Amino acid sequence: MSTDTRTAKQVGSHRLDPQPGEVVDRTTSFEFTWNGRTYSAHPGDTIASALAADGVDVFSRSFKYHRPRGLLTASYLDPGCMLQVGDEPNVRGAHRLVQPGMVVSSQDTWPSLSFDVKAVNELARRALPAGFYYKTFMKPARLWPRYERVLERFAHGGTLQGSDAPTGRFDQRYAHPDVLVAGGGPAGMAAAIAAAEAGASVMLVEEEHDLGGHLRWGDEAELSTLRSLRDSVAAAPGIEVLTDAVVLGRYDDNWVSIVHRGLPHVDERLVKARVGALVVASGLIERPYVFAGNDVPGVMLSTAVRRLVNLYAVRPGDRAVVLTANSSGDAAAADLERAGVDVVHVEDARRGCDVVRVRGRSRVRSVELGGGRTVRCDLVVTATGWTAPVSLLTMAGDQPRYDATGARFRPDIANLLPSVLATGGVVGDGSLDELVANGRTIGNEAARRAGGSHPSSAPELTPAPHPALFRATTHGIVDFSEDVSSKDLFTAVDEGYRSAELAKRYTTATMGPVQGKLETVNTVAIIAEATGRTIAETGTTTWRPPYASVTLGALAGAEREPIRRSPMQTWHERHDAVPLQAGAWIRPDRYGDPNGEVEAVRDGVGIIDVTPIGKLDLRGPDVARLLNLVYVNKWSKLDIGRVRYGVMCSDDGVVIDDGVTGRLGEDHYLMSTTSSGASAIWEWLELWLQTEHPGWQVHVTPVTTAYASINVAGPRSRELLERAVSDVDLSPDGFPYMHVRTGTVAGVGGCVLWRIGFTGELSFEVHTPAGYGLHVWESLLEAGSDLGVRPFGVEAQRILRLEKGHLIVGQDTDGLTRAGSAALDGLVKLDKSDFVGLPELIWQQDSGDGSRLVALKTVDGSVLPAEGSQLIAEAGRLCGRVTSSRFSPTLGRTVALAQVDSASAAPGCEVTIRLVDGGTVRAVVTEHLAQVDPEGVRVRG
Amino acid sequence: MMQVPCPSCGPRHAGEFGYVGEVTTRPDPATTTPAEWRDYLYLRRNRADWTVERWYHRMGCRRYFVIERHTVTHEFRSPS
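Top line first, the protein sequences correspond to chains A and B. Read in this note's numbering, the first sequence has 805 at position 704, and its numbers run on one by one without any break. Read in this note's numbering, the second sequence has 179 at position 16, and its numbers run on one by one without any break.
Treat the hints loosely; a few may be bogus.
For each label pair, taking beta carbons as the anchor points, the in silico distance ranges come out as [as the list claims (entries may be wrong)]:
(1) A:TRP797 <-> B:PRO190: 14 to 24 Å
(2) B:VAL229 <-> A:ILE909: 28 to 38 Å
(3) B:VAL229 <-> A:SER886: 54 to 64 Å
(4) B:SER243 <-> A:ASP332: 51 to 61 Å
Don't read these hints as lab results, they were simulated from the structure. Predicted model, so just to flag it, every value in this text is computed and none were measured. For each residue, glycine too, the CB sits at the ideal point set by N, CA and C.
Sequences and hints are given; from them, build the entire structure.
In structure tokens form, the structure reads like this:
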């Protein structure tokens, strides 16, 4: 970033002179608002750094007690810095880069951040003990709705705008790197460089906006190493760097999910990577210290201070006391000195020094030291230890163990899967040179393993000695997100929740937005203290994916559900068809009044686009055997040129599909399936062919979209089709009902014509090569204009078939309807030696159980019972349900199909239909399913 | 998600496959009893051990194949 002091503008009262590693661009600045007030920022500032540069020190109110909260980590994890940005809640304010015009506000404060009514919770702190919600709101259960309303008002987490808020833009990406390095600190960068040099394709994933890890806020030597590592990453062949991206999880066979943020034109992207070797270089997370007042704004971790000073040139306070147990604390003290902060006292924990409590409310006023002395200050810095973020390793089966020397949990490197490696701080400590060297070795080994080489052992970093510091002599906050104190954990243990997993759930410690990354080790240590066990005996809680928060939008990805359109769909749209999405297809529901369309079909001729009907081309000498197996009826004697209706069941006897199949040649058949069943039935046929009968010679080819299909229906359909077909004899004797012909329609050869009648009328179904579908459609309409030909939609077809009593699988049957309950008794041939579902259907016939499909005629024909209406027999006994119902324009009354108990299924039986509005209507079971033309004169015409 | 070693296509993402389930033997419909048939339809051993399974490579070669999988470790091996 530019540090050109001639053009430098100082933005913010707490902004320091240019720092060597700063990431803000001082050449320019812009404005944004925070709780309605305008602030300035430089490009590169996070929301939090820009506000801190102007002296803002309270960013939120805490979850339970609504205590003022300031910056603690100044990183993505900062629990006090969840903010509302525009209509987006829960933005990580210490990570999100501030943008010009951004509207930022605090969350869940009322009426304002500085005066929050809910802070009275703190006065009632004694009434909000561990497990408060469980204890208070459990009983009586009938009061839950009221409790929920109260609790909602106190819920944390920002506000969502109404349904008119713009939806986000999300997408997903697949990647297949040989080596994926999770973490772009010095060890991770070195691993990526070495892996790339060894020939591997590498993806290097870094949570922050730049590579570098802790080197970014380091001294001159560290910054110099950082520059050279960055140069090497850029120069190495085949490293793709993702910044502002976090590895969320590791699953079987190194299936790795990554959330990638900060991209142009997309809010968040989910990257799914299949990785040869995974290198976990997740570094270390600094651990807060537990003592009274440790959440007062102005108490910060040493890394927070180092970030603020070195990355953003922000002075975090005026008078500082530093509690240090390690070099990070020492460096923070030095940074503060250099920044002109008055470091009034350094308490060295390595020599047994300690702090007792901080006083202050909206800002630190003073700190009481271990020796009893109280020092006035506005900044208390703690550097008391580290947490190794081992979660990715535990997702790969690692069992982390407590290392008493380093006072932290560390992975069991020796027992990792060969495809998972680790380097850097998550494993152990070392000088910068040692970290880089270990990273290089591990990266090289990862490339070898990704290439299939036998694993060779790699040197392991070990933790440096560190004092074990978790809690001072006072109680303080352990989980800053959930407002859980060490006292709450002691209470939980007192009440018997001695296991870490139970105490965690009871108190909700580690269960907030930070998900344990800051507080897990302290939680375990305090439970260990309260139970009188060691930390190793207590053990850590389980880490599960996702490691970082991810939007549901990113998980869902972009909306990419392909819609199938018939070749005639453009025509339908031009002619005002009302679209209907049916499974994968969009098709016309109606063009105008569906009753008019029905009348056109009954009185003249109509055409409907039935392209979505599933079509399978079957060839081979054993097709008839296959048909005999999968259909409940007989197929061995189907002559060439004939078509037959068939029903398929699964082996439990339940109806799964129906359709007609025609025999086009000696070994050539065309099968139709329901529109929704097209792909499943293809797989179903393949299942039986490949598993039970691999010797049968049958080729199954799906041709659903290879043909456009048009049903020409109505008493004048023959007359119409004769004008368009020249080479097929369409006369009643030349082309009888349930026959198939191939021929030329509107000049298009290779068409298949079926004479079938789903609508109950004389009809011909034309299957034409898809590319000619629109031509044939338009030709038929033109040829039949003087006959009054009309296009009709799915709704008219549903009325027509219901008048005719033809069932629809999945509408008039469900997932439990066996063939005996689908009015197929005449069709099912139980004397066949085998077909799928045969034994079940024999037993159903023997026992007579199951409901029956019947047609109903309401006594008052003007009443239309809704589909799904319950049927009631004598004495209020439920006896079935309406499966289909429509008003029949042909009959001038309601027609319905229903599933009815066999006791009420005989023709003439009366049932009562319970209507949606609570009323009832009487209905009678009709003699035939067909209420129009039950004798089938019309279809045979 | 794990990878499944397709005999025709090699290791592929499990999402490309349909899982048919433990391999069962279909009884002879002519002689079967309701108890035997319902075992075939519904009863699976579901052991925490090696199991013999059928998979379908829906987005690949479209072959049904039989393979052994260890239900605890997700290791695959050729059927014995």
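Query raised in the report: Going back to the hint list, which numbers does this structure go against?
Result: none
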